[in-house]
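Student: Sequence:
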Amino acid sequence: MEIDGTHPVKANISQFLKPESPPKYFGIDIDGTFYTKSATGLEKNIEAFAEATKKGFVPFFCTGRSIESSLAVIGSGFSERTGYKGYPGVYNNGSLVYDECGRIAHSEGFTREFLEKFGRFLIEKGLAPNVVFYTEHGACSLSPLYERLMKFSVMRKLPIPQVVTLEGLLQENILIIKYAEFDMKLSGLHEDVDYARTITLSNWLYTINPAGVNKSIGLKKLMEHYGLSSKDCGFIGDGDNDTEAMEFCDHSFCVDDTPDYVKRHAKWVLDKGHDEGAVSQALELIYGPFSQ
Numbered sequence: 001m002e003i004d005g006t007h008p009v010k011a012n013i014s015q016f017l018k019p020e021s022p023p024k025y026f027g028i029d030i031d032g033t034f035y036t037k038s039a040t041g042l043e044k045n046i047e048a049f050a051e052a053t054k055k056g057f058v059p060f061f062c063t064g065r066s067i068e069s070s071l072a073v074i075g076s077g078f079s080e081r082t083g084y085k086g087y088p089g090v091y092n093n094g095s096l097v098y099d100e101c102g103r104i105a106h107s108e109g110f111t112r113e114f115l116e117k118f119g120r121f122l123i124e125k126g127l128a129p130n131v132v133f134y135t136e137h138g139a140c141s142l143s144p145l146y147e148r149l150m151k152f153s154v155m156r157k158l159p160i161p162q163v164v165t166l167e168g169l170l171q172e173n174i175l176i177i178k179y180a181e182f183d184m185k186l187s188g189l190h191e192d193v194d195y196a197r198t199i200t201l202s203n204w205l206y207t208i209n210p211a212g213v214n215k216s217i218g219l220k221k222l223m224e225h226y227g228l229s230s231k232d233c234g235f236i237g238d239g240d241n242d243t244e245a246m247e248f249c250d251h252s253f254c255v256d257d258t259p260d261y262v263k264r265h266a267k268w269v270l271d272k273g274h275d276e277g278a279v280s281q282a283l284e285l286i287y288g289p290f291s292q
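When we follow UniProt numbering, the leftmost residue of the sequence shown carries the number 1, and every step to the right adds one.
It is possible that some hints are incorrect.
[Unchecked claim] Here are the simulated DSS-like cross-link-like pairs (lysine-lysine), alpha carbons at most 25 Å apart as the crow flies:
#1 K10 - K272
#2 K185 - K85
#3 K267 - K10
[Claimed, not checked] Pairwise CB distance ranges (calculated):
#4 A72 - S38: 16 to 22 Å
#5 L228 - K157: 29 to 35 Å
#6 K125 - L17: 53 to 59 Å
#7 H137 - P8: 39 to 45 Å
#8 A11 - K157: 28 to 34 Å
#9 D192 - A72: 30 to 36 Å
#10 P259 - L17: 25 to 31 Å
Note that these hints are calculated values from the structure, not bench results. Built from N, CA and C at the ideal position, the CB exists for glycine as well.
Construct the entire structure; sequences and hints are all you get.
Tutor: Below, the structure written as structure tokens:
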């Protein structure tokens, strides 16, 4: 997690030149990027996704979500219109990668030792209601969630966790964890050694992955699966968990309505926000023109 820099970052997309050989693959973040509550903006993004696919390119999701919650938040009809069923895809911030057939190309979860130490800390300090543990297809927790975290989960259409014992938790393959309103340092676990942390919502909600895991690792594993490299993959995002992917991909974009410290990692900063259909702008720039 990085927050630095003092100078404002402005859109530079006026200088963009379409590459002679556009990348075949293009990773797309969901929250704050592809998905928007603006019906017009979302329609633009879906249409551009479909158009890029028709041209033989492969746009795909690269998100902190699972495949199920990704498709759920976009809404019914998306897969039918685009032909995209969630594969290939990079999910859980890079902890889980599927190829185009839905086979797992890469998976990396938390160790049993980490989960046991973290779980005992949560129980002893009464913080179990503040944490959700996510698996490939669902979620669990050591206690019913407290109200604010439950409301967030419902609002974002994330899986509602099943309450399990600590021993039950240790039987699960936990890929990603969200925690709220406490200091992880108190757990005795160390950032960048035991886990990697990103901001989900400023000042109260955070996401952690196994140390060294992020979206760029997921993208790298997917490209290696196809015998390709970073030049064969584009990316667009908006958040703290997108910065490594922006650095990794030769053709990376950032929506306009996001903090400057995120924009500094992208090769190209768009002049449209996510509510305005920024994904459609990026896809048309790199793969267009599209039919109207």
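Student: All hints, please: hold or fail.
Tutor: Results of checking the hints against the structure:
no. : hint                    : result
1   : K10 - K272              : holds (11 Å)
2   : K185 - K85              : violated (39 Å)
3   : K267 - K10              : holds (12 Å)
4   : A72 - S38: 16 to 22 Å   : holds (18 Å)
5   : L228 - K157: 29 to 35 Å : holds (32 Å)
6   : K125 - L17: 53 to 59 Å  : holds (54 Å)
7   : H137 - P8: 39 to 45 Å   : holds (42 Å)
8   : A11 - K157: 28 to 34 Å  : holds (30 Å)
9   : D192 - A72: 30 to 36 Å  : holds (32 Å)
10  : P259 - L17: 25 to 31 Å  : holds (27 Å)
Against the hints set out earlier in the document, a violation occurs for number 2 only.
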